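In order, the protein sequence lines correspond to chains A and B. Going by the working numbering, the first residue of the first sequence is number 8, and it counts up by one from there. Going by the working numbering, the first residue of the second sequence is number -19, and it counts up by one from there.
Calculated from the structure, these hints are not laboratory results. One or more hints might be untrue.
A few chain B residues that face chain A, going by a derived Cβ cut-off under 10 Å, partial list only [said to hold, decoys possible]: (1) G25; (2) R37; (3) I40; (4) L93.
Every value quoted in this text rests on a predicted model; they were computed, and no experiment measured them. All C-beta atoms, glycine included, are put in the ideal place defined by N, C-alpha and C.
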Amino acid sequence: MIRCHRVRSALLCLAIVPLASSLLAGHLGAQATPAKGGALFDPIASVLQSPRCINCHPAGDVPHQKDTHIPHLQHVIRGPYGTGSPALPCSTCHQNRNSAEGAVPGAPGWRLAPLSMKWEGLTKGQICESIKDPNRNGNRRTLEEVIAHMKSDSLVLWAWHPGADRTVPPVSHEQLVRDLNAWVAAGGPCPSN
Amino acid sequence: MAFTITVNGSTHTVDVDGDTPLLWVLRDVLEMTGTKFGCGRALCGACTVHVDGSPRRSCITPIGSVRASAITTIEAIGSTATGKKLQEAWLAEEVVQCGYCQSGQIMSACALLTAIPRPTDADIDAAMSGNICRCGTYVRMRTAIHRAASQA
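The shape of chain B in the complex, shown without the other chains (with noise of 0.2 Å):
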């Protein structure tokens, strides 16, 4: 069946059943996989995307459900001012060990920095426990994500 979605900012017509996931659709049709597998079942956040601005499971996301709305994927997200920020926030802080939720940490802290500009430790913690961090990177993504704060 064809689904017509928006991908940052650019129209796909994909041919999947309906209940194929978003992340299936990324990866393997769109082949756009800076959105990572993790688990399949919005446990581990490595599979976070935006829809319509806000954070979304796409391992568990039926095509089906998306419709119209805009998706945004880590490969789009430096685009915006907020995700420049926190991509330079990453680089700075050298975040990154392994690499593989990092993805779905920069989504999830994009939509924290856009609904929280200036958001407190605990603030960080309500929007940032739902991604799980193996090399456990959690002390450097606070400090980044404050960091990109910081440059309002």
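Okay, chain A solo, but in the shape it has when bound (with noise of 0.2 Å):
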């Protein structure tokens, strides 16, 4: 009866082992493509589509909060500089770091994306041509000078640092600073939606 175990266990693993090395062959083979045109978009666009980025590059003269993208509390309106009303501007709340708690969160230069920097509503494909045009990314000529805003920018960081339990993007910034080098080494491919 052992001797029928130790067989039956044994012809077992060698039905075994092909199909995981035929499965580890595939993931690996998987991995080891890398992405390519469009795709190399992709987990920048990751970022730029997360909460902690559109809330404040919105359509219109609204930011929005938390990761259901609800307007934002109190009648808060764009103003005329994107820093809020004259009379209850973002720093009325919002100063240079996040509150105690992270309760009202904060970076210097606290305010909304110009309008021609929205993002929200836009594709990946047309959020991709977007950063690219300097008369919708801030008048970036070049796409350096995009990476060096994604790097360096303190309101680009504060979403790595949001306070509170808010989520952060879906991928870390240096990895995102990797993936934008990848995608400018590549020309700055667009996807197709």
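Each chain sits in its own coordinate frame; assemble them with the hints.
Below is the structure:
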């Protein structure tokens, strides 16, 4: 009985090993093939379309809050300069760092992105084209300038330190910079959708 | 740690931790209780003061961030022309019920009229929606703001 059990176990192992090898090879094969073309923008889009970024790149005059993108409480509006209405500016509550316990998020220069830099409602491809266009990317003439902005702007960096229990973008900031460099090196290709 | 701040034109040196909210310093240390605690999270506006003329929620403003800025509270706003007109309008229109939110309301209204001397209803909405009134005297506040604005 024990001898039969050992034979069956050996046969089972012999059957499993090729299957596992095949699956592993397939997985490694998938990882070994780098993204190219418009797919290079996918991880970048996952950051730009995450709540911490897109909430302040609205298509209208109202910022959004939370992962549910609700309109900002207290009837907060863009105002003439993206810093709120004259009597309820962003600085009324938002300071140059998160408040105690992160209740109120903060970073230097807290403001909305200009309307020209709206991402709300755009597809990945449209956002990609937008950040390459100086008329829609804050007048950045080269993709290297776009990278510099994503690398060091205080409001961008805040997204990974948002305070309280706010979610962070799906890739780390360091990975985002690597993905941006790869995307720029490939000429900044945009997804078709 | 000692901090020297300017409140309503007077200089005060207070010995507190740098992350002590300005509201605590005003009420507990300087005993200026006109500014109120409502929520402690910048949601209600009861703690509104002016810092260099701009409205600020004192409940989340650490004293260490104030530095040499000029702080104005409800205790002194009536000595400004706009503040005086607002307080008179508030009385004339009988705005106040319990009164708890009204310090913050007047500070925000004063910032509004300073920036926009003749505000529209939309301007008033944009400026004042951050100040909550549980008694619901919003209609009277709007009337009082228009009244004060008309007295140029």
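For each hint, the structure was consulted:
| no. | hint | result |
| --- | --- | --- |
| 1 | G25 | 8 Å, holds |
| 2 | R37 | 5 Å, holds |
| 3 | I40 | 4 Å, holds |
| 4 | L93 | 8 Å, holds |
In summary, this structure violates none of the numbered hints.
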